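Colleague: Position 38, counted from 1, in the sequence shown is what this note's numbering calls 143; the numbers after and before it change by one each time, with no gaps.
Read the hints as simulated data drawn from the structure, not as lab findings. Heads up, a few of these hints could be off.
Unchecked claim - Here are the simulated EDC-like cross-link-like pairs (lysine to aspartate or glutamate), alpha carbons at most 16 Å apart as the crow flies:
(1) Lys126 with Glu137
(2) Lys177 with Asp149
(3) Lys177 with Glu137
(4) Lys177 with Glu114
(5) Lys126 with Asp163
(6) Lys134 with Glu114
Predicted, not measured: the structure shown is a model, and the values here were computed from it.
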Amino acid sequence: LHRIINDREMRDAIILIFANKQDLPEAMKPHEIQEKLGLTRIRDRNWYVQPSCATTGDGLYEGLTWLTSNHKL
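Using the sequences plus the hints, can you model the full thing?
Modeller: Quick look at the structure:
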């Protein structure tokens, strides 16, 4: 992840990560994913971890709404 976002062509990209499988008790919570991926160290761009469940669609709309609201043209 860090190699990708440090690529010169990705310098203006924002980051949306879906924390999928939130319907399962053993799923990592969004704050755990933030810690594991070191997202809190990323200060030069917007990022967001959206809890989701792909089988029910929970969180997908919210994540895409965040993406469209934060995307710069």
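Colleague: Check whether the Cα positions of Lys177 and Glu137 lie no farther apart than 16 Å.
Modeller: violated (28 Å)
Colleague: Would you check the hint for Lys126 and Asp163, treating anything up to 16 Å between C-alpha atoms as holding?
Modeller: holds (10 Å)
Colleague: Are the Cα atoms of Lys134 and Glu114 separated by 16 Å or less?
Modeller: With Cα atoms ~30 Å apart, Lys134 and Glu114 exceed 16 Å; violated.
Colleague: Mind checking the alpha carbons of Lys177 and Asp149 for me, to see if they're no more than 16 Å apart?
Modeller: holds (14 Å)
Colleague: Verify the proposed pairing of Lys177 with Glu114, using a straight-line Cα cut of 16 Å.
Modeller: holds (15 Å)
Colleague: Regarding the pair Lys126 and Glu137, is the alpha-carbon distance no greater than 16 Å?
Modeller: Between Lys126 and Glu137 the Cα gap is close to 14 Å, so the pair holds against 16 Å.
When held up to the earlier numbered hints, the structure conflicts with 3 and 6 and fits the remainder.
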